[in-house]
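*Asks:* Each chain, letter by letter, is given below.
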Amino acid sequence: MLSVIVFAGSQLLPGNVGRAILGPLADKRAVDVLNHQLGVDRPVLVQYTDWIVHFVQGDMGMSYTYRHPVTGFVVDAMRNSLKLALVAFVLVVPLSIFGGVWAALHVGRPIDRIITIFGLSTTVLPEFVSGIVLILVFAVWLQWLPISASWPDGAGLFTQIYYLILPSIPLVLVLFGYIARMARAGTVEALDSDYTRTAVLKGLPFPVVIWRHVLRNALLPTITVIATQTGYLIGGLVVVETLFHYQGIGGLIYTAAKSKDFPMLQAGVLSVGIVYMVATLTADILYSVLNPRIRYGAQG
Amino acid sequence: MSVTTTGPGTTPGTSPGASSGGSTRFKEWGENLQQLMRSPTFLAGVLIVGFWIFCALFGTLIVPYDPLETDLLSVLEPPSADHWFGADQLGRDVFSRVIVGSRDILTVAPLATLLGTILGTLLGLATGYFRGLVDDVLSRIIDALLSLPTVIVGLVALTALGSSNTTVVFVIAFGFAPIIARTVRSSVLSERELDYVAAARLRRESSLYIMLAEILPNILPPILVEFNVRLGYAIFAVATLSFMGFGIQPPSPDWGLTISDNYGLVGGGYWWTVLYDAIAIASLVVGVNLIADAIQGVLDG
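Protein sequences, first through last, are from chains A and B.
Quick note: the first sequence uses the numbering used here, first residue 1, plus one each step.
Quick note: the second sequence uses the numbering used here, first residue 301, plus one each step.
A few of these clues could be false.
[As the list claims (entries may be wrong)] Derived CB-CB ranges, DEER-like:
| hint | chain 1 | residue 1 | chain 2 | residue 2 | range |
| --- | --- | --- | --- | --- | --- |
| 1 | A | I117 | B | Q549 | 33 to 39 Å |
| 2 | B | L372 | A | V75 | 33 to 39 Å |
| 3 | B | P517 | A | L95 | 30 to 36 Å |
| 4 | A | I117 | B | T360 | 30 to 36 Å |
| 5 | B | G462 | A | W144 | 38 to 44 Å |
| 6 | B | T466 | A | Y162 | 29 to 35 Å |
| 7 | A | L95 | B | T466 | 54 to 60 Å |
FYI, nobody ran anything at the bench for these hints, they're computed from the structure.
The C-beta atom is built at its ideal place from N, Cα and C for all residues, glycine as well.
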C-alpha cells in the first residue's frame, strides 16, 4: 500500500524524464532513446510491477543523477542516519524519562511546571530553528563543537560521536517533550494506584517502591511512544542532515528531491516507510512482552 | 478524544429544538471563554500570536525600510542605530524583514489548517457514520499516509507539483486531513449510538442532515482543539518546507526562507542574519501551542 502511494506520488511528476535529464536543448530523438533506456515510456502499471519486484530483491534502480545503482547510496545513507539517530536516542531516552519521572514526583510544584513547559516548548520548535541557534552558540561563539557533521575520513568512533553531538540535539529537544510527557503521565497514574499505596503501607523504602512498583508500570506507554517517534525522527533527519551537511537518508531524500532524481527519491522514501513500519511493529511486540495482560489476553 | 460535551443534543427529546439547544451551548462556550481569560498560558499565547498577526497585517506600514530593497552600501552591516537588527548580504534591513516576514507564514499555515480541518471533518463524518466498505478503504489509505512523516510527504508532493503558496496550502491540507479525519471519526463513532441520532433517523432525516446538523455541532469542541494543535504543526511544517526550499518562495522575507538563504554565513560570524528570524519562528510556534494547550486544558476540565 505504502509503495503504491510512494510510486504514484512520484509518477505525478513532470512526464518527460529524458527531457529533464538532457535539458531543453537536447534532440527529440535522444530524449526518446533515453526514455526508452530508462524504461519510463512503458505503461505505468508495468513500471510499478517491475520496480516493486526489483525493490524486494534489493535492486532499487539506477540513479538519474549519478548513473549508478541506487541501492549502494541508500544503504550507506541509512548507516549514517542510524549513527545519528542512535546518538540522539542514547541522549534523549534517559534524559526524558528522568525528566518525566522527576516532574511526576513533584506534581504541581514549580519544578514540574518548568519541566512541562520546557518540554512543550522544545517539542514544537522546528529542528532548523533550534539547530541554527545551537550552531551559533556552541560552534560559532563558544567553538566547543564542530559546525558540520561530516567528520574527517578515517575518524575513530569517539571523533564520530563528537561530530554528531550537535546535530543530534535538535532531535533530542523535539523528542524530549513527547517522551517526558508520557513518562510523567504514566508515573502520576502509577503513583496514584492501589498497588503503590499497598507497597508504601507495607513499609517498603521509597526508592524500592519507585523502582519496583511505580516505574515498571509507568514506563509501558512510554516505550510505545519512543518506538513510534522513530517515524518522526526520520522526518527530523531530513532537516538536520541538510542543516549540518550530513550524508544520511534525510540528506539523500533532500538532494534527490532537489535534483528530481526519482529512482533515488522513491527508494529513499520507501526505505523510510519500511523502517517506520518495522519500528511500529517492534513497539507492539515489545509492549506485549512487557505487559503480560496483553500477552495472555491474546492467547486466551 | 475523551472530550465529553454535556451539550443539549445528547439528551433525547431536545433535538428538534435547535434554537433552545443553541442557547445552552452558547452559555457553555461563554463559561469556557471566561475560564480561558483567567489562564496565564492562554493570555501569553494570545499576546505573542496577536503581536505577529498585527505585524502581518500592518507590518509594511510601520517598518523603517522596504524589506525587499537592497542597499549595496550596508551589506552585512551589524546591528546599529540605522539598522536595528543589522543588514543581510544584499543590504536589506533585517528588522523590516523579520516584521514583514510574518505575513506569508500567517497566511499559508492557517489557510492550510482550515482547509485540512474542513476536509478531515467531512471525511471523518462520512467514515464514522457509514462505516462499512467506505470506512475500511479510507482507513487503509489513511494508515499508509500516516506511516510517512509530513515533511517527507510534503517534499515528495511539492517536488511533483512545484512550489508556490497555493500548492503548499493544498499539500499540507491534504496531509492533515486524514489525521483530523481519524480524530473526528472516533468522536462520531460514539455519537452515532446516542438517542438523538436515533430520533433523527426515526424522523426520516437524510444522512447528510444528521451528519451536518445533528452530529457536527456536538463534536465541535474536539475539532476546535484539533484545529489549534494542527495550526501549530502547520506553522512547523511551512517553516520547515520553506527552509528546505520547497515552501514559500523568494523574494518573500519569510523566516524559514531567510534562514535557509543565510545559514551558510553564520560560520563567518554574521549571526544577525538568522538569529532574529529563528527567534520569530520560535515565539510564533510556542505562542500557538500555548493557546492550544490552554484550550485543551479547559475542555478537559
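*Asks:* Tell me, in ascending order, the numbers of any earlier hints that this structure violates.
*Replies:* 2, 3, 6 and 7
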